[in-house]
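Asker: Could you build all of it, start to finish, from the sequences and the hints given here?
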Amino acid sequence: MSVALFYALAGAGLFSIGLHALLVHRHLLRKILAVNVMGSGVFLVLAAMAAPNAIALSDPVPHAMIITGIVVAVAATALALVLMLKLTAETGQAVLPGREEENS
Amino acid sequence: MTTSDYLSAALLTTGGLFFLAGTFGLLRFPDVFTRLHALTKADNVGLGLTVAGLALQVDSWAVAGKLLLIWLLALLAGATVSYLIAQGALRLGIRPWKR
Amino acid sequence: METLISWAIDVALVLLVVSLAWRALASTDLFKAIVLFIAFGLVLTLVWVRLNATDVALAEAAIGAGVTGALLLAAYAKLRATSPDAIVDRAGGISGIGAISLLILILLVAAALGYAVWTLPSDYAGLGKEVAANLDQSGVSNPVTAVLLNFRGYDTLLEIMVLLLALLGAWSLGITIPRPEAAPGLVLDTLSRLLVPLLILVAAYLLWVGAHAPGGAFQAGAVLAAAGVLMLLSGRELPAALATWPLRLALVLGPATFLMLAVITLILEGRVLKLSPEWAGRLILIIETTATISIGVTLTALFMGAPPGEEDR
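Chains as they are written, first to last, in my numbering: chain U, 8 to 111; chain C, -9 to 89; chain D, 463 to 775.
For the record, the hints were derived by calculation from the structure and aren't laboratory data.
Since the model is a prediction, treat every value here as computed from it, not as a measurement.
Here a beta-carbon is modelled for each residue, glycine too, at the ideal position from N, C-alpha and C.
Which residues of chain U face chain D? A partial, calculated answer using Cβ under 10 Å:
1) LEU16
2) GLY48
3) ALA54
4) MET56
5) ASP66
6) PRO69
7) ALA85
8) THR98
Answerer: So, in structure tokens, the structure goes:
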């Protein structure tokens, strides 16, 4: 197994961990963290594929895409956090509407 | 390997040991204040030794200067942050640990 | 021996990254989760360095771990201040048979993803050669900057627009992030007096060095935002005179310059953001400088929440 493949598999693992947390947890802050972890997993796969073997020239296009992705992720995270705060100000709970009745 | 390589290796290893000791302290010490003590020792001295070890390997003064600047910034930030954490802990009513 | 050590580092890093992500998403305390998430971002930075993606490493450290961490902590502080009940993360809404079937489903997804990654062709050459062949036409010598600002400039244009849109969305919701209630004290004040000028210098350096080495507008903008956040944390407010149109001007300076260049190149060159080789270097510097200012101000404004002067709506 090559180093790149090892990191790419780790990226797939991070994506799955994030997806699991996104579905399992109810708190919105946790869901925002989960989406960020999923994104990092995707970036890791991209970066690993940028240099699939030691001989190939490192490919700058995926690197540029990851930088774009990181900036879009921080923009989305900021907006999601403000939406969460707004929802909490309205309902008193940082949980998606329609789910607060379950288990309570 | 030249003399400066051996010196670098010695400095980097010692720096690594400081980080190891600091991490042990962070995990094992009883309260926030003693943990801060362990952490800042590791950061300040460990990073200082690491920077010294790396500075011996660079071939231009500009790079050595940048390394030194990184250490100074870490010193400044480390001192300020541990002061703020300790102050915050005191405000929350956490008393220093006594045997 | 050397490959063994190299493998040991890679395995240790991956174990650390995955366990930090796991702990960040599983720990019961939300504050702990945020701190672990920031640590996750910092270790991920080391992973980018291992993968020879130094530009990405800088962006991750400054934006992924730094700015995102500050935003998360600010939102947490706001939650704790306004509705203490809402920072308690009650255990998951799924239990029993649902949790088990979900776990099986996720494991299937993970296996499918792993298989897809495993079967990716390893002899894929990528676009590295094409970028290298056209690098002297791009106006810069750092291939990542060449891709970001020249070869795929429209991606970056849209990305800057996304950032601005996120701020407009945040502003329109009228949520303010509370200032630290206690006086910041002499130590933090001294730190910000020493660091803010240095951070501005570092931002300028990152911006300039981005043309031929890892760095660039986004990393520089994030460092600028760090200076802004530090000033806000040490109790300094944006002067009222600057909070009106000068703030808006700084926010749209980068997007507007970039958009104008897109229109001009469309008219003169017949294609959006087609930079002629003899002008490309200078044009990229202009775009990056204005973008750095706007990115820095936008990220700081996102940290503030509602637009200054309209906090008490």
